[in-house]
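Novice: Chains as they are written, first to last, in my numbering: chain A, 1 to 168; chain B, 1 to 380; chain C, 1 to 339; chain D, 1 to 102.
Keep in mind the hints are simulated off the structure, nothing from the lab.
Don't be surprised by glycine CBs; every beta carbon is placed ideally from N, CA and C.
Incorrect hints may appear among the rest.
Calculated from the model, a selection of chain A residues having no Cβ within reach of chain C, i.e. all distances over 10 Å [unchecked claim]:
| hint | residue |
| --- | --- |
| 1 | A10 |
| 2 | S21 |
| 3 | V105 |
Estimated spans, in silico, between C-beta atoms of each pair [what the hints assert, rightly or not]:
| hint | chain 1 | residue 1 | chain 2 | residue 2 | range |
| --- | --- | --- | --- | --- | --- |
| 4 | C | W284 | A | M1 | 28 to 36 Å |
| 5 | B | R214 | C | V10 | 53 to 61 Å |
| 6 | C | M44 | B | S333 | 54 to 62 Å |
| 7 | C | A70 | B | K279 | 50 to 58 Å |
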Amino acid sequence: MTIAFYTLAAFILALGVLVVSTKNTVHAVLFLVANFLCVAMLYVLLQAEFLAVIQVLVYAGGIVVLYLFVVMLVNLKRGPETHVDPRRRDRMGLLIGGAVLAEFVAILLYGFAPRATGAAPAAAAPGVGNVEQVGWSLYVDYLVPFEVASILLLVAMIGAIVLAKKEP
Amino acid sequence: MTDPHPVTATRTPVQFDTDELVINMGPQHPSTHGVLRLILRLDGERVVDADVVIGYLHRGIEKLSESRDWTQIVLLTDRMDYVAAATNNLGYCETVEKLMGLEVPRRAQYIRTVLAELQRLASHLVWLGTHAMDIGAVTVFLYCLRERELVLDLFEEYCGARLTYNSRRVGGLPADLPVGWDRKVREFCDIVDQKIVDYEQLLTQNRIWLERTRDIGVISGADAIAMGFCGPPLRASGVMRDVRKDEPYAAYEEFAFDIPVGAAGDTYDRYLVRLEEFKQSTRIIRQALDGMPEGPVMGKVPRLIKPPAGETYHAIESPKGEIGFFIASDGKSLSPYRFRVRPPSFCNLQVLPKLVRGHLVADVVALIGTIDIVLGEVDR
Amino acid sequence: MIETLVVPLVKIAVLLVGILTAVAYLVLLERKVQAWVQVRLGPMRVGPHGLLQPVADVIKLIIKEDITPARADRWVYTLAPIIVLVPALVVFAVIPFGPETNVFGIRMPLHVADINVGLLYIVSIASLGIYGTILGGWASNSKYPLLASLRASAQLVSYEVAVTMTLVSMILMAGSLSMVEIVESQQARGLWFVFAQPLAFFIYFVGGLAETNRAPFDLPEAEQELTGGFHTEYSGIRFALFFLAEYANMIVIAAVATTLFFGGWLRPFPSVAALGLLDIVPGWIWFLLKTFVLLYVFLWVRATLPRYRYDQLMRLGWKVLIPLAIANVIVTAIAVVVL
Amino acid sequence: MTPITPAHYLVLSAALFSIGLIGVLVRRNLIVIFMSIELMLNAVNINLVAFSQQWQHVVGQVFALFVVAVAAAEAAIGLGIILAFYRNKETVNVDEITLMRW
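Produce the complete structure using the sequences and hints provided.
Specialist: Right under this line is the structure:
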């Protein structure tokens with residue numbers, strides 16, 4: 001368990017760094033997929049099998065394919081990052097990112113260090129699969145948000161088609 | 001093969017294009033039927049424009065013929081449309097006969113007709129097979145080549161060759177029919193009639209086949225005439241034009257046969273027309289065998305063939321369309337002064353860019369198949 | 001120790017060897033079946049009736065020169081075949097080949113893993129194979145493969161929707177995502193689901209043909225049009241991996257169809273006691289038999305039908321199969337609630 | 001080794017989030033920026049699922065599902081915009097996207 005976590009965490013972070021640092025966009029997309037797959041495995045570790053599968057299906061199998069398509073369609077004749085706005089401050093970005101990370105870690109250490117494990121409520125009824133739990137919660141307690149999400153996806157689909165369509 | 005918009009020329013980058021792609025199809029490509037080269041300009045999968053590049057199989061047959069004597073040219077004509085060598089032979093021999101005013105014996109005329117129609121069957125079989133394979137029906141290809149094999153056997157028995165027959169002589173034929181040959185031809189006709197039913201079952205009503213061929217490469221009769229279409233593709237556009245009927249040669253006058261004509265002028269009609277021609281060909285062959293006259297197969301021909309000065313044009317209906325020979329003789333030398341072929345494949349090929357424009361890449365192969373070209377004849 | 005470590009490892013090893021052999025012989029079978037349909041003999045030279053042909057093919061593919069085009073993206077080019085193959089093999093883990101059986105004295109189920117999201121697992125893993133297709137075409141840095149890989153990915157994405165929809169209706173019928181429980185549910189009802197859901201099976205099968213790029217949907221590798229598809233530039237062992245993946249995917253489609261629609265390891269008419277005699281045949285043989293029959297249909301279709309065109313394929317997928325599949329899901333859901 | 005607590009997951013998530021943040025701030029390729037946003041969303045999801053595990057309650061996972069749905073919508077629209085933009089300006093460099101209209 002512990003080993004698995006540390007290995008996955010190392011992979012996730014390393015791949016994340018590669019995603020944001022690779023020059024070749026196609027390679028970046030590949031690293032992104034690998035990153036998502038590692039996150040899916042992390043979910044399995046957290047006993048969220050359903051979410052893990054959805055992560056692979058929707059993220060890795062769906063969204064990132066979309067990215068790959070766009071990267072291939074946007075067949076750049078010149079490097080995408082050749083032009084630099086003089087007002088841009090890259091270092092500042094790094095600094096802010098680092099600061100945010102430090103802040104997070106500080107909060108976490110401060111908040112969690114004294115009591116490592118909170119009092120966990122009773123485990124869910126045994127024998128009920130993860131899929132069923134999520135399903136019940138999704139379709140009973142969160143039915144309205146679920147429907148709203150589906151409307152959102154529909155709107156996004158129509159919007160994407162309108163945007164991508166060529167003017168006649 | 002001039003195209004109003006040659007894609008090879010450098011285009012000024014007026015508008016930046018996200019998705020226009022120039023691809024080169026051939027001369028090494030599995031479905032360009034030899035060494036045809038197409039430069040396609042694609043918008044996604046749609047063909048915006050096509051440029052046909054030919055000449056990869058040019059052997060200079062026309063020029064070569066001007067330094068060969070009249071009998072030697074027959075075997076050069078074999079090498080033009082190599083899947084229909086017998087009709088090429090016939091066209092050439094008849095042209096020379098016309099030039100010299102020779103009389104060909106009736107038996108020879110009949111045998112020539114039988115051979116020409118057998119050749120039509122063989123050529124159409126190759127066409128059907130390759131066309132179907134281009135559209136993905138691999139099995140039809142093997143069936144068709146199996147039947148074609150029988151034609152080749154018949155030719156082999158008659159003249160000893162299976163592909164380049166050299167099977168005509170000016171003034172007649174090199175040999176009479178072998179004993180029992182006509183029985184085999186009859187058997188073959190029965191087989192073909194039977195097999196056509198098989199092919200039709202596999203294709204004619206097949207929904208995928210219909211979707212792939214209906215309304216693909218539509219050309220109107222007027223356009224077809226204007227662009228020099230000939231043969232089955234022309235007839236599929238509804239134009240009644242068949243040299244066998246219009247300007248009968250060999251013994252065609254004496255046989256009853258129908259000329260199938262299409263209506264829509266699309267790939268499916270071209271398919272139907274050729275399929276019907278199978279049946280008409282077997283019909284002609286049977287009639288010819290039934291009424292085969294006795295007599296010599298070689299007419300009275302001078303020992304040295306040397307046509308008088310003059311020029312002539314004579315066309316016959318090859319499986320691909322109207323193949324015409326223009327021959328000029330100066331009456332002095334032992335070879336033609338000018339030898340020129342009007343090849344049906346070439347004339348049909350020049351319609352291709354018009355046909356493919358606006359269609360998808362997949363249709364391009366269907367359309368190359370449907371006009372039934374042989375590059376040996378296009379380039380000569 | 002034996003239960004938790006050795007048994008699964010042995011299972012995985014057996015499964016892998018089995019699949020790879022099956023793929024090799026599926027290729028031979030395809031050539032043979034096509035040959036028989038076309039009144040030919042097919043491979044006859046290597047071994048009796050060409051039975052050793054797969055061995056010869058494998059040796060040929062391995063010793064052939066492995067070419068990387070000069071301007072290809074070397075890494076992605078190497079990675080693509082692997083990305084295609086791995087999902088195709090990993091999917092087999094959840095396919096139940098038979099009920100619990102005694103194997104050498106150890107009682108064990110004939111599958112590597114029975115996870116409670118089995119069916120979703122198959123769908124999600126299978127959807128990863130598309131990367132190999134796209135990247136293979138892209139990395140070759142050549143126009144025909146690029147066109148073919150765009151075609152392939154569009155085709156995969158659209159048919160995945162229809163196929164997944166049919167799976168939803170099967171989940172509704174079985175009330176579980178676990179492959180084993182789906183088979184058991186068919187046993188409990190005494191009914192192969194194909195009789196309850198013929199439309200779903202039809203859609204699944206057509207979609208399966210399209211997803212595995214088989215005729216009449218073999219556009220991505222239509223050699224008459226695109227000279228061989230997204231793997232045009234590949235040769236040698238890397239080409240072999242693509243090849244392997246395609247056939248392994250066929251087996252996956254057939255095996256999943258067997259599990260979902262044809263009662264997995266159940267004998268025919270599982271509810272008719274009079275046919276109890278058939279129980280002599282072990283379940284895994286029934287399973288393999290049914291899979292084989294489905295694979296045969298794959299090959300048969302290929303030898304018979306011409307090829308669809310790209311836009312027609314898309315039209316069929318989006319305008320016919322997907323609406324039908326959605327309607328089927330709705331009808332099934334109502335039926336499940338009412339009955 | 002100490003057992004894995006939610007704090008571990010939170011640190012991982014925070015680190016991943018920061019990587020994504022840096023990507024958004026530093027990179028100029030619009031597509032890479034979008035991918036960085038996906039990374040950040042994933043970091044959030046890790047958090048949610050870790051808490052879900054901690055409290056043995058699925059609501060965290062349900063929430064993560066909604067995040068995935070929103071990410072899908074965002075990717076579709078965002079990539080649509082990128083394509084539309086690329087079609088007009090032939091660039092995906094954010095530093096060149098300085099005009100609100102053209």
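Novice: Within 28 to 36 Å or not, the Cβ separation of W284 (chain C) and M1 (chain A)?
Specialist: holds, 34 Å
Novice: Against chain C, does S21 (chain A) keep a CB gap of more than 10 Å to every residue?
Specialist: holds, 16 Å
Novice: The hint says 50 to 58 Å between A70 (chain C) and K279 (chain B); measuring C-beta to C-beta, is that right?
Specialist: Holds - the Cβ-Cβ distance for A70 (chain C) and K279 (chain B), about 54 Å, lies within 50 to 58 Å.
Novice: Within 53 to 61 Å: is that where the Cβ-Cβ distance between R214 (chain B) and V10 (chain C) falls?
Specialist: holds, 56 Å
Novice: Verify that the Cβ of V105 (chain A) lies farther than 10 Å from every Cβ atom of chain C, and report whether the claim holds or is violated.
Specialist: holds, 33 Å
Novice: Per the stated criterion, does the least C-beta distance between A10 (chain A) and chain C lie above 10 Å, as a non-interface residue requires?
Specialist: The claim stands: A10 (chain A) keeps its Cβ more than 10 Å from every Cβ of chain C (closest is about 21 Å).
Novice: Is 54 to 62 Å a correct range for the gap between the Cβ atoms of M44 (chain C) and S333 (chain B)?
Specialist: holds, 56 Å
Checked against the numbered hints above, the structure breaks none of them.
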